[in-house]
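Peer 1: Spelled out, the chains give:
There are 4 protein chains.
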Amino acid sequence: MIKVGIVGGTGYTGVELLRLLAAHPHVTLNSITSRKEDGMPVAEMFPSLRGHVSLAFSAPEKARLDQCDVVFFATPHGVAMSQARELLAAGVKVIDLAADFRIQDTAVFEQWYGMPHSCPDILAEAVYGLPELNRDAIRKARVIGLPGCYPTSMQLGFKPLLSQGKPLVNESALIADCKSGVSGAGRKAEVHALLAEASDNFKAYGVPGHRHLPETVQGLQAIAGRSVGLTFVPHLVPMIRGIHSTLYATLLPEARGIDVQSLYEQHYADDPFVDVLPAGSHPETRSVRASNMLRIALHRPGGGDLLVILVVEDNLVKGAAGQGVQCMNLMFGLEETIGLRQVPILP
Amino acid sequence: MIKVGIVGGTGYTGVELLRLLAAHPHVTLNSITSRKEDGMPVAEMFPSLRGHVSLAFSAPEKARLDQCDVVFFATPHGVAMSQARELLAAGVKVIDLAADFRIQDTAVFEQWYGMPHSCPDILAEAVYGLPELNRDAIRKARVIGLPGCYPTSMQLGFKPLLSQGKPLVNESALIADCKSGVSGAGRKAEVHALLAEASDNFKAYGVPGHRHLPETVQGLQAIAGRSVGLTFVPHLVPMIRGIHSTLYATLLPEARGIDVQSLYEQHYADDPFVDVLPAGSHPETRSVRASNMLRIALHRPGGGDLLVILVVEDNLVKGAAGQGVQCMNLMFGLEETIGLRQVPILP
Amino acid sequence: MIKVGIVGGTGYTGVELLRLLAAHPHVTLNSITSRKEDGMPVAEMFPSLRGHVSLAFSAPEKARLDQCDVVFFATPHGVAMSQARELLAAGVKVIDLAADFRIQDTAVFEQWYGMPHSCPDILAEAVYGLPELNRDAIRKARVIGLPGCYPTSMQLGFKPLLSQGKPLVNESALIADCKSGVSGAGRKAEVHALLAEASDNFKAYGVPGHRHLPETVQGLQAIAGRSVGLTFVPHLVPMIRGIHSTLYATLLPEARGIDVQSLYEQHYADDPFVDVLPAGSHPETRSVRASNMLRIALHRPGGGDLLVILVVEDNLVKGAAGQGVQCMNLMFGLEETIGLRQVPILP
Amino acid sequence: MIKVGIVGGTGYTGVELLRLLAAHPHVTLNSITSRKEDGMPVAEMFPSLRGHVSLAFSAPEKARLDQCDVVFFATPHGVAMSQARELLAAGVKVIDLAADFRIQDTAVFEQWYGMPHSCPDILAEAVYGLPELNRDAIRKARVIGLPGCYPTSMQLGFKPLLSQGKPLVNESALIADCKSGVSGAGRKAEVHALLAEASDNFKAYGVPGHRHLPETVQGLQAIAGRSVGLTFVPHLVPMIRGIHSTLYATLLPEARGIDVQSLYEQHYADDPFVDVLPAGSHPETRSVRASNMLRIALHRPGGGDLLVILVVEDNLVKGAAGQGVQCMNLMFGLEETIGLRQVPILP
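Chains as they are written, first to last, in the numbering used here: chain A, 1053 to 1399; chain B, 1053 to 1399; chain C, 1053 to 1399; chain D, 1053 to 1399.
It is worth saying that the hints were derived from the structure and are not from the lab. None of the values given here were measured: they were computed from a predicted structure. Among the hints, erroneous ones may be present.
[Claimed, not checked] Straight-line distance between alpha carbons at most 27 Å, and here's what the computed DSS-like set of lysine-lysine pairs gives:
(1) B/K1240 / A/K1088
(2) C/K1088 / D/K1240
(3) B/K1088 / A/K1240
(4) C/K1192 / C/K1088
(5) A/K1240 / B/K1145
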């Protein structure tokens, strides 16, 4: 059994981790830290876990995280990097759901996250936790920086196009028009996320710049091995879970003849959590609700040069906690899909 | 023109007041105070008001409220009573949307609101701002304590039954099972009111005791002229606006023969904002959305002794801002319905 | 392995059955019938099932239901009773999610469902599929009439009070103020269930009479062994799943001293799917979303005689498909909880 | 007073027309037709109109539409063109909210709407009812084809860019990523529009081709006086009202220096229902809820060549009924804003 610790289990990615890990056949939940909630049973804060999780939150100093096999950080940015060195020294693997180990260029990290990076050496060895990109490296990793929710959908949506030897699309002018449910903003008390503000409403936000942009560009460039230009426009959808990314890429004249549908199907044939839908499909976010699946559909309206790629995922599962469990499975030599075969909830 | 000031215009009742007053043909908006937002144009915080409200928030000391004809308090409990004396001395009328002037028994007020009452003399002259109860007193009032949103629906729902000479129902065992949209909780950053918490969810709250209980019992007893017993169970509905109160009262044996439908229709024949629906109706909250109407339907399932009274209102209009404007109209000798004839928004 | 057939798998209870049965370790899905969708892969209609259910719908005559061990009817009322005799003759057990085998008095059935009952003899042997009431009888049953969604919550909410030797509450004046998400109305194209009609809206319906009333009264009377009077007021909540029943019962003078909290806790100590919450709790429907749990909390506001019992369940799981699987487990000698231990989805 | 008739008042654009016209100071509602609902008071179907509309639906042959000054068609496609000739002959003006008079090329109309056009001569004189484009022509028109909801937002969003003498952007590769509330689908009983299907869900639809594409391309080409290429991707948002169009256009090298913000502000300076927000804004659909305003914000992320234009409108008002009233005002020599100055409903 893998002994698991969670730092910061009071947010949405935390409770989602608990949901998945509580049912995982190879996991023992060892400890969950929260200084503020020290002593409170987890199932008192989240009654959905009654009968499934008997742990209480404990203050960090009592939590004995050094006795875990792996520790997940479901914390604000900056926490994981402050504790990673000590845990690694104790032989504990680290999976960070925040941004501390996502961006390799520390100057870029500091610019977008407003804090210096405190352990560039650990960052250097950290692996970006997108199994469809880095499966082998994840298997051997000690530290995982899990991708953001939007970046997961954008990178997996563009990947088959960019990973060919030569460019198929105009890689300097990619567009990602993304829509997310409000749980993506976390379980923080903020006016704009109130039901009375966000319900029956739709808006874009962060158009001048969003932290997931540099992360995604880094990932796309790693895939392509070339410079990539991306415009990323996020929107807020009045729903709880789900991301729908509508991606646009213009085929180069020499690539007009390719069969994009079959390119994607072959590319993802061996990835258990990427599902390329039949041609002409319109994936719905609910088709992956509460599951680790990501579904993709491809369109070429009017037979023109503009590809429209539709991608859906559950931002809390494939976009966060589920991807973390998927990485953990790989890191501990388990079958990648263990504990992640839940059927999506519909309706 | 009535010169109007608003103290605390950054919450939902504040912006709703602005919506109604901006279109009121006899009102000039004089000033809106907010220490925190001093200088910010109101329409910058609420873009829905662009082109309708050109005022900026101003710090209280700059607002010259003493030059208004009437000041609305859309503030937390306790603010109105701290400023009422000075305004009254300057000849300014006061309409409080909070609880400062609702409950005549200061001991009860202190028990439920956790603060002493600072001006019992003003409280003593204050009129409870429910026009269907106190129309004449409101016309002459200097200070109005506007009813809470739930109490408006409960009092108007039970009133025809209780206001007869002798009891028609078991007045010691009334039940009010009430359901409210989340805007009733105000525009405060609180976790439980986040869309990701409150959407696709339903729950009761405050069952052991809610501040609107003593206010409602006071009102029902004033109507009946007798002691009244009420159980009040509020619930949170995943919607923005609207209250639906399902009221239960047991007919006394000697009253089994009365025609309740016609009792209600006659009772409210002259009240422009109370609409008794045809027998057998099921009022929907959206049928009064964004309007000052309150609709009532009556049922007697199986022809038994238990009356089921269904009441709907918009908690921000008839339950708050609209009722305030209705009182203002009366206080200034205007037709009661002026500025309040908007057609509800459906769908 | 239990060979399972489903008649009518295109509605919400059908797809929910598929979600649960696809992951059930002792079940093989044998066939799903739909005359209209004959030949269409189930996962094409419900993409959430891609990778989990490979069956296609088949016309009834091709489905070989007689070779199943058990057949679920997720059909309109009247279908199960037309096919039950033949299946039973072939040794197939029958679990009906509609009303055909719920009401023992055929005159009452005909009055509320507008059709004669075609097999009173089978009805006579049918067992009402509420395991917390009829566990032993279900184990031996050949035909199960599964309870309606509302009746499950009302019966389990009142049961501990009514099942004592002598009355504790006024059993002639019970009230059930119930609220349901719209999936309870099924996957039928009806205007009143459109998002643009039902969202941001709340209403009661069926107050003069609802089909779940006679079923519930029958059940409560069976529990009490006495005549019971119930007023049932259903409401529609703008959410997908979930029922919240707010139940009211008046303690008799001689029962004022009982400890209701401990009565309920003891009563349900051995029922794995009924969770009595700590005193003072307010259960939320999302705390059981997509799970088979039903949670109960007890209140006695102001220490008076009126008990307020709050009950939540997922109408599609404990209120339908999950309860069906729970019965199936019992009928085939399995552990009651197998295939039903999913953690609720929150947020 | 303008005598108004409405054909087909039972859908969402119909009830919205009634809401606006009932409060319009220069309008008398003459008749509303519905063969199916003949004799039913309008306010019985839509209780929100109680006290505001006293008309009953009447069968077409009783409605005496020929005695109206103007008739609105809030009907399925094909109805207006079958009745227009007779009304025009009687001197009645016609405003069609469906597509009969939108597309000048009858071959294109027939291709997308699947029916031949029955009166090309009337179509030829019909004016496309977008006042910001065709104000003068509308003033003199006898027949108006009102724009679709999406096309209104796309055309007004792109118009300032395309209406300059020479191209500023790559006009062959415009993209419109549009999101609409579900009331856009009308008040039709369809499974995909049920709350239990569309709530807590997000999807694209009609990506291979949508009827609003040819209409919009026709309009953009009329604006530009040049050929235009557009990719249009509509999405369904789980909300009732509102359209948010996110438009993308690539600046030509020679236009990189233009001040787009000021271009838009000047362009729309005299249009009372188009509001160009300050630079850096993110308009919300609720900021125009239940009002005739359309708001636009402009972005140029990273200072690059890709313009991102955010446009919001209420699909039932500026996208349908409100625009119809705006046209009516112009056609009858009234101030354009009469009856359309409602403050948006927020929250």
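Peer 1: Please name the hints from earlier in the document that this structure breaks, with their numbers sorted from lowest to highest.
Peer 2: 4 and 5
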